[in-house]
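There are 2 protein chains.
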Amino acid sequence: MKTAAVLERPTARRLIAKQKAPPDIRMQQIYHAAAGVFIQKGFDAATLQDVAAAVGLTKAGLYHHIRGKEQLLFDTMMFAMDRIELEVLKPALATANPAGRIRLIASRYATMIVTDIQDFTLLIEEVRPLSRTHHKTIARRRRAFYDLVRDTVIQLRRSGAIPAIDPSIAALTFFGVIMWTAHWYRPNGRMNGPQVVAQIVDLTTTRLLRMEEA
Amino acid sequence: MKTAAVLERPTARRLIAKQKAPPDIRMQQIYHAAAGVFIQKGFDAATLQDVAAAVGLTKAGLYHHIRGKEQLLFDTMMFAMDRIELEVLKPALATANPAGRIRLIASRYATMIVTDIQDFTLLIEEVRPLSRTHHKTIARRRRAFYDLVRDTVIQLRRSGAIPAIDPSIAALTFFGVIMWTAHWYRPNGRMNGPQVVAQIVDLTTTRLLRMEEA
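One line per chain: the protein sequences are P and S, in this order. Following this note's numbering, the residues of the first sequence are numbered contiguously, the last one being 214. Following this note's numbering, the residues of the second sequence are numbered contiguously, the last one being 214.
Among the clues, some could well be false.
Copies of the same chain look alike in the list, so a pair counts if it works inside one copy or between any two.
What the hints assert, rightly or not - When the alpha-carbon atoms are kept at most 30 Å apart in a straight line, the in silico BS3-like pairs for lysine-lysine are as follows:
1) K90 - K41
2) K90 - K59
3) K136 - K41
4) K69 - K20
5) K69 - K41
In short, the hints are calculated from the structure, not lab data.
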């Protein structure tokens, strides 16, 4: 598979084409607070009162900005996906070399995870409360990210850069190793953010894929 | 660290000493049904009525066997931990060779996960609703499992069987790769259970720890 094949996927083309303005700072604060509340309490137990309190608004004040709890969950996830596409997928698609691309994906995504861990674990842990349509939309965007990693593994294999591996298992485990960080990383722990990111890059590239060290 | 050091931990000694009778078949069915309901609906949204229906009892009938929803969650987790200790930790502690021990742990734990996935993901995903005391008990038992894997990584490293790795990161990622299976394994998917187990053993030993192939 040539690099071009990765870039020819419709989702990748669409990604490169679109350039959406980010939400204003107030909305970004609300999404960040909502992610924190939904992860800490669980979506079912969390209330919009909790979200309002976390961002310093009354519940009525919060309702000036949002339409309801499920819609807020969905919008918070969509904002997280926007950030992933802008900060990880777009530069990855601009990187022709597959070894460089997979390292960039691991490093940038891990950096986002250790910085705003709850914003991204929400995409995995609170999918169940989404409406059917919203669920499909999030699943389609997550799938585009997965496809990019899987295509890159295939490219690495075809170029002889890595020994044989099932590309689906490799891509799934790649995300698993990164997302699992949410279960053990503590901001004030033994390792700081950049040290954890370096570990994750080593785990996903040198170890999981058995790539040569950069 | 000698093998003996692993075996000298108090949790390990206690484990080998105790031999508890398993709960009767009816209780095992209730625990299995409860894990399924709690994972599918989330603990907060799930009702004892759901659990009763899943096991073919009335809610009153279920109350002959259990004391309440939080206690049922805890007992279900304790039963899962009993199974892990009997089927994984006990034979692992009887295996002197660290390479054989780590392969046995990966293989047996992965087999349990692909067989009864919800019973074990419950230990990770629904910890929040536990009472403080119950939470501590589950955390202590999970910690004994983690310590065994971490001690074994240290032993592998000291014997020169694997290249340098942070033993804590290695142990955490070892569990991450195995538990992440819950996010992608489907019983009727492309790979059957034993094929998935073989993949997990390869991912955790040959790849993560860079052990020589067996």
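Exercise. Are there hints from earlier that the structure breaks, and if so, what are their numbers?
Worked result: 1 and 2
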